[in-house]
Every structure is written in structure tokens, then in C-alpha cells.
Amino acid sequence: MKNTAERWILVVDDATEMRWLLERLLKRAGWSVQTASTGAEALSLLQTHKFDAILLDWRLPDTTGSELAKTIKTIDPSLPIIMVSGSDLGDRTVHQAYADGVIDCFVAKPFLHQEILDAVESAMSCKRGVIAT
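Under the working numbering, the sequence shown is numbered contiguously, ending at residue 599.
Think of the hints as simulated: they come from the structure by calculation, not from any bench. The beta-carbon is built from N, C-alpha and C at its ideal position, and this holds for glycine as well. Mixed in with the good hints, there may be bad ones.
[Stated by the list, open to error] In silico lysine to aspartate or glutamate, DMTMM-like type, Cα no more than 20 Å apart, as pairs: (1) K493 to E581; (2) K575 to E587; (3) K516 to E472; (4) K493 to E483; (5) K536 to D566; (6) K539 to E587; (7) K539 to E581; (8) K539 to D528; (9) K516 to D542; (10) K493 to D518; (11) K536 to E507; (12) K493 to D584; (13) K516 to D566; (14) K539 to D518; (15) K516 to E483; (16) K516 to E489; (17) K493 to D566.
[Claimed, not checked] Just the calculated beta-carbon pair ranges, DEER-fashion: (18) R490 to T540: 25 to 33 Å; (19) A574 to T514: 27 to 35 Å; (20) G567 to E587: 14 to 22 Å; (21) L578 to L509: 28 to 36 Å; (22) T482 to H515: 18 to 26 Å; (23) T504 to W474: 14 to 22 Å; (24) I541 to Y564: 14 to 22 Å; (25) P543 to E483: 25 to 33 Å; (26) P576 to I541: 27 to 35 Å; (27) A565 to E472: 17 to 25 Å; (28) Q562 to C592: 29 to 37 Å; (29) K493 to Q562: 30 to 38 Å; (30) D566 to G496: 25 to 33 Å; (31) Q580 to W486: 28 to 36 Å.
Please put together the full structure from these sequences, using the hints given.
Okay, structure coming up:
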């Protein structure tokens, strides 16, 4: 059983270096972190673990981040999803993901470490019904 003070986040990215970086960054910020390199691995972890948030890469080897986010939202509609991408998705694609309700925040790569931490906290604040300022 997890400690009620623990906050769990799932980092899904196919790049080993990015998973390593995000895991270290989030652990320093007080998060407990699990990582996955594919959509299938992420879905498997979601069946066995309870997460407070997900940090999700837009492009994965077995699916798109958008499709995975849609699937995750059918499992737990309240689970905050922070999408991260180094691809030029264009404003329309990102706005559509927001409009569809599949992402709660978007961070473009390259990013400042604080941008990731701010996005996670903002998504968590929205989940709690508090507007982050």
C-alpha cells in the first residue's frame, strides 16, 4: 500500500536519456517515479499502479502520445497528463488535444527544468479544482 504522502508520476518516453533526466528531476522535487518506454508498457503499469500524474512524450515507438492519452483518459478521466514533445506539432494539434480533453498541459522540448515542474504542479492544481497562478 502506498504512503498517502507519496505522489506517484509515470514518465513515458522512448528516449533513455530523457527518462533518466525526468526521473532525476521529479525525484528531486519529491515525486516517486515509474518509467515506461512504450505505450504498451505504460498501460501495463497503469493496471498495477495508481499514479497521480503522467508525463507523456508525443511520439512513441508503438503509438502516438495523443492516442495513448485518449486511452488513459478512458481508464481514469481525472488523471492529469502533461504532454512533452520535441516535434513541431503546430498550435492547432496542441489546441485540439486540449479541446479533446486528452492533455492537461503541454511542454515543448527543449525545456527548462522549472517548466516541467511548473506544468506538473499546474496539472495537479487543476485536478484538485484549484486554478494555479
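Evaluation of the provided hints:
At roughly 15 Å between alpha-carbon atoms, K493 and E581 fall within 20 Å of each other, so this suggested pair holds. Only pairs whose Cα atoms come within 20 Å are accepted, and K575 paired with E587 is accepted, the gap being roughly 18 Å. Restraint check for K516 and E472: satisfied, since their Cα atoms lie roughly 11 Å apart, inside the 20 Å limit. As the CA atoms of K493 and E483 are separated by approximately 15 Å, the hinted pair is consistent with the 20 Å bound.
Proposed proximity of K536 and D566 is supported: the alpha carbons are some 9 Å apart, at most 20 Å. Distance check on the hinted pair: K539 and E587 sit about 19 Å apart at the alpha-carbon level, within 20 Å; holds. Using a Cα cut-off of 20 Å, the hinted pair K539 and E581 is violated, with the two alpha carbons roughly 23 Å apart. Only pairs whose Cα atoms come within 20 Å are accepted, and K539 paired with D528 is accepted, the gap being roughly 18 Å.
Annotation: proposed proximity of K516 to D542 holds, straight-line Cα distance about 10 Å (limit 20 Å). Of the pairs offered as hints, the one joining K493 and D518 holds, with about 14 Å between alpha carbons and a cut-off of 20 Å not exceeded. With a C-alpha separation of about 16 Å, the suggested pairing of K536 with E507 holds against the 20 Å cut-off. Between K493 and D584 the CA atoms are separated by roughly 14 Å; this keeps the pair inside 20 Å, and the hint holds.
Of the supplied pair hints, the one linking K516 and D566 is violated, its CA atoms being roughly 23 Å apart against a limit of 20 Å. Under the criterion of a C-alpha separation no larger than 20 Å, the hint pairing K539 with D518 is consistent with the structure, at around 13 Å. In summary, the hint linking K516 to E483 is not supported, as the alpha carbons are separated by about 25 Å, beyond the 20 Å threshold. Proposed proximity of K516 and E489 is supported: the alpha carbons are some 17 Å apart, at most 20 Å.
Only pairs whose Cα atoms come within 20 Å are accepted, and K493 paired with D566 is rejected, the gap being roughly 30 Å. Separation of R490 from T540 is about 31 Å and conforms to the stated range, judged on CB atoms against 25 to 33 Å. Restraint check, A574 to T514: a C-beta distance of roughly 31 Å satisfies the suggested window 27 to 35 Å. Between G567 and E587, the C-beta spacing of about 20 Å keeps the proposed range 14 to 22 Å intact.
As the Cβ distance of L578 to L509 is approximately 30 Å, the hint placing it in 28 to 36 Å holds. Checking the proposed 18 to 26 Å range against T482 and H515 shows it holds: the Cβ atoms sit about 21 Å from each other. Checked against the hint of 14 to 22 Å, the C-beta distance between T504 and W474 comes to roughly 19 Å, which is consistent with it. Roughly 19 Å separates the CB atoms of I541 and Y564, a value that falls within the hinted 14 to 22 Å.
Taken as a hint, the range 25 to 33 Å holds for the pair P543 and E483, whose Cβ atoms sit roughly 32 Å apart. Distance hint for P576 and I541: a CB-CB separation of about 30 Å, consistent with the stated range 27 to 35 Å. The hint said 17 to 25 Å for the Cβ distance between A565 and E472, and at roughly 33 Å that hint is violated. One distance hint, 29 to 37 Å for the beta-carbon pair Q562 and C592, is violated here, with the actual separation near 19 Å.
Look at K493 against Q562: about 33 Å separates their beta carbons, and that is inside 30 to 38 Å. Take D566 and G496: their Cβ atoms lie about 31 Å apart, and the range 25 to 33 Å holds. Distance hint check for Q580 and W486: the Cβ-Cβ separation is about 18 Å, which falls outside the suggested range of 28 to 36 Å.
Hints 7, 13, 15, 17, 27, 28, 31 from the list above are not met by this structure, while the remaining hints are.
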